[in-house]
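There are 2 protein chains.
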Amino acid sequence: MIRVAINGYGNLGRGVEQAITKNDDMELVVVFTRRDPGSITTQGAPVAHIDDMPAWAEKVDVCLNCGGSATDLAEQGPAAAAHFTTVDSYDTHAEIPAYYASVDAAAKAAGHLAVISTGWDPGLFSMLRVLGEAVLPEGTTTTFWGPGVSQGHSDALRRIDGVLDARQYTLPIQETVDAVKAGDDVELTTRSMHRRDCYVVAADGADLARIEKEIVEMPNYFSDYDTSVTFITAEELAAKHSGIPHGGTVIRRGETSPGVAERIGFELELGSNPEFTGSVLVAMGRAAVRMAARGQTGARTVFDVTLADLSAISPEELRASYL
Amino acid sequence: MIRVAINGYGNLGRGVEQAITKNDDMELVVVFTRRDPGSITTQGAPVAHIDDMPAWAEKVDVCLNCGGSATDLAEQGPAAAAHFTTVDSYDTHAEIPAYYASVDAAAKAAGHLAVISTGWDPGLFSMLRVLGEAVLPEGTTTTFWGPGVSQGHSDALRRIDGVLDARQYTLPIQETVDAVKAGDDVELTTRSMHRRDCYVVAADGADLARIEKEIVEMPNYFSDYDTSVTFITAEELAAKHSGIPHGGTVIRRGETSPGVAERIGFELELGSNPEFTGSVLVAMGRAAVRMAARGQTGARTVFDVTLADLSAISPEELRASYL
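Residue numbers (my numbering), protein chains in the order written: chain W, 1 to 323; chain L, 1 to 323.
Please keep in mind that the hints were generated in silico from the structure rather than gathered at the bench.
Among these hints, one or two may not hold up.
Claimed, not checked - Restricting the straight-line Cα-Cα distance to at most 25 Å, the calculated cross-link-like pairs of lysine-lysine (DSS-like) are:
| no. | chain 1 | residue 1 | chain 2 | residue 2 |
| --- | --- | --- | --- | --- |
| 1 | L | K181 | W | K22 |
| 2 | W | K59 | W | K22 |
| 3 | L | K181 | L | K240 |
| 4 | W | K59 | W | K108 |
| 5 | L | K22 | L | K59 |
| 6 | L | K181 | W | K240 |
| 7 | L | K181 | W | K181 |
| 8 | W | K181 | L | K108 |
| 9 | W | K181 | L | K240 |
Claimed, not checked - If you anchor each label on the Cβ, the simulated ranges turn out as follows:
| no. | chain 1 | residue 1 | chain 2 | residue 2 | range |
| --- | --- | --- | --- | --- | --- |
| 10 | L | E138 | W | S314 | 17 to 27 Å |
| 11 | L | D184 | W | T189 | 32 to 42 Å |
| 12 | W | M1 | L | D155 | 18 to 28 Å |
| 13 | W | A101 | L | T71 | 46 to 56 Å |
| 14 | L | S321 | W | Q151 | 47 to 57 Å |
| 15 | L | S192 | W | G152 | 35 to 45 Å |
| 16 | W | M1 | L | K240 | 55 to 65 Å |
| 17 | W | Q174 | L | P54 | 51 to 61 Å |
| 18 | L | D178 | W | G38 | 44 to 54 Å |
| 19 | L | D178 | W | A101 | 42 to 52 Å |
| 20 | L | T71 | W | S321 | 17 to 27 Å |
Ideal Cβ positions, reconstructed from N, Cα and C, are used throughout, including at glycine.
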């Protein structure tokens, strides 16, 4: 059994906890938190404070870091790599090279392996982008996101005066997706690729017209998109919009000879973004343990992981039944 | 530059030759044939008889075996692995373990590396099956093939008395694909998953009703499918059915918690089956050369190859721009 630690018990940490139950070769042995361990109730695993990590070094095979990229992981990643083989989902794209260097140094110094920036984007989508371009070197890669909940945009709605709660969905514009798949000449702009639907619970007596105007004109978040705003009750929000679905599509299209086009498409439709992301982290955890057992140290990405290492199935069985 | 040899100059060999032109880090240095080398005209590379392979051992970094599985590769695979790092597209699923053992022994004895059973199925589809199951251990994987030309079924049509030429298309049944994507309870049978469309050029005066009956009742090939037969002229066959398109879909669907479903979809739409398959072989050739340079020997499959090794792009650039 692979002994797993979860570091951080938010949505993603709980998604990982759930995913571990689907993998017979893995067991959750501890949840680390920076909060009061007594304040956290898991599905059964003990809870320890992050300051007690060193005491768990010999009892954990891989630590799955479930903090957020914006603040937590920059510190959490290198810190955990000092004690464990680690996996994370660091997703601040522009900062990945610096984050890689920082985790690589910490992991190498401690003789550990750390797989960074897993999940689905970065993660599976990144893998398909590289696969698509390796196979079809001449062509274009296009990524669409959604339909899905954007936490950042939902938070931006909640900061507007008079908004009690809100949920924002990012949606790909289907005609544009179809045009890209077909290889039609279509202009890809922020507005032509995605739209944004907002479901907003307003305070009693709030000026709805003013709120809607503030939303659709909000720079960066909404002004470059066709945005719809629907006011609903708190009950309706709870009943219809409590899930955290997401997904998207990566399309690689290229010609192998004049007039002969090939298309590779990869699509995710996720009922729960954190449960699926957690499922990827767990599979990457298995791979990380195996790579570490072969003596690898330092930072790695999804580009360095083989499918044989990701899979719980033996190489013999993979060859016999999956090729 | 990676120096590439092509072993076998049929449709796939020419597809590989075309694919190499799209990869700036690779050059075609020789085409091997068991025919008279003087009878073959390439895009420019010299042609040598397969008996002369040993003379090319120091001048070739990877040999891409382009013979057919049924007869050629069982012999060609181990033979080429004695002289070169190799890649092939061996696709007789039931025989893969035995073929792996045979190539593994030959490659190990010679200190070479051989990546077997690449292409798209086996190959990319196999990779996605393993990825889907590693991430979603509880669930179902379904593969649909087509729309595309089946060479074996086209050949079966041509063996019918009175048939001058023919082309057979395998088509997925879209309602079944949609049902699988949606997770609907649908019975997956040979007939519910695919249908077969036949375009047949008959000899003057041939009994068309008899030919059609022989086709739709042909065991293994057609009798278990809904099959349509359309008689056309040789000119129409040449004008409308000269391409070799193919493709398909791999769908992995599973629940991460009760009632919460996640779907992974991978789709190929190929204008030219041999040019796309050739493109995969070329990318796998790059990976094989790199793995061999690290001292790996013996047989490998697509499950053992990392995306970093497949890609012409540096690891630093991959981390900076593709995650």
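These are the hints, each one checked on the structure:
Taking the CA atoms of K181 of chain L and K22 of chain W, the gap is about 21 Å. The hint holds against a cut of 25 Å. In summary, the hint linking K59 of chain W to K22 of chain W is supported, as the alpha carbons are separated by about 21 Å, within the 25 Å threshold. Our distance criterion of 25 Å between C-alpha atoms is broken by K181 of chain L and K240 of chain L, whose separation comes to about 31 Å. Between K59 of chain W and K108 of chain W, the direct Cα distance comes to roughly 20 Å. Compliance with the 25 Å bound is thereby established for this hinted pair.
Between the alpha carbons of K22 of chain L and K59 of chain L the distance comes to roughly 21 Å, so the proposed pair stays at or under 25 Å and holds. Distance restraint check for K181 of chain L and K240 of chain W: the Cα-Cα separation of roughly 22 Å lies within the 25 Å cut-off, and the hinted pair is therefore satisfied. For the suggested pair K181 of chain L and K181 of chain W, the alpha carbons sit about 18 Å apart, so the restraint of at most 25 Å is met. The straight-line distance between the Cα atoms of K181 of chain W and K108 of chain L is roughly 43 Å, outside the 25 Å bound, and the hint therefore fails.
With a C-alpha separation of about 22 Å, the suggested pair K181 of chain W and K240 of chain L falls inside the 25 Å cut-off, and the hint holds. For the pair E138 of chain L and S314 of chain W, the supplied restraint of 17 to 27 Å holds, since their beta-carbon distance comes to about 19 Å. Roughly 36 Å separates the CB atoms of D184 of chain L and T189 of chain W, a value that falls within the hinted 32 to 42 Å. Between M1 of chain W and D155 of chain L the Cβ separation comes to about 51 Å, which falls outside the hinted range of 18 to 28 Å.
For A101 of chain W and T71 of chain L, the hinted distance range of 46 to 56 Å is satisfied, since their beta carbons lie about 52 Å from each other. Restraint check, S321 of chain L to Q151 of chain W: a C-beta distance of roughly 25 Å breaks the suggested window 47 to 57 Å. Between S192 of chain L and G152 of chain W, the C-beta spacing of about 43 Å keeps the proposed range 35 to 45 Å intact. In this structure the supplied range 55 to 65 Å holds for M1 of chain W paired with K240 of chain L, their Cβ-Cβ distance being about 58 Å.
Hint check: Q174 of chain W to P54 of chain L, Cβ distance near 57 Å, so the stated range 51 to 61 Å holds. A hinted range of 44 to 54 Å for the beta carbons of D178 of chain L and G38 of chain W is consistent with their spacing of about 50 Å. Distance hint check: the CB atoms of D178 of chain L and A101 of chain W are about 46 Å apart, consistent with the given range 42 to 52 Å. In this structure, T71 of chain L and S321 of chain W meet the distance hint of 17 to 27 Å, their C-beta atoms being roughly 24 Å apart.
Checked against the numbered hints above, the structure breaks hints 3, 8, 12, 14 and satisfies the rest.
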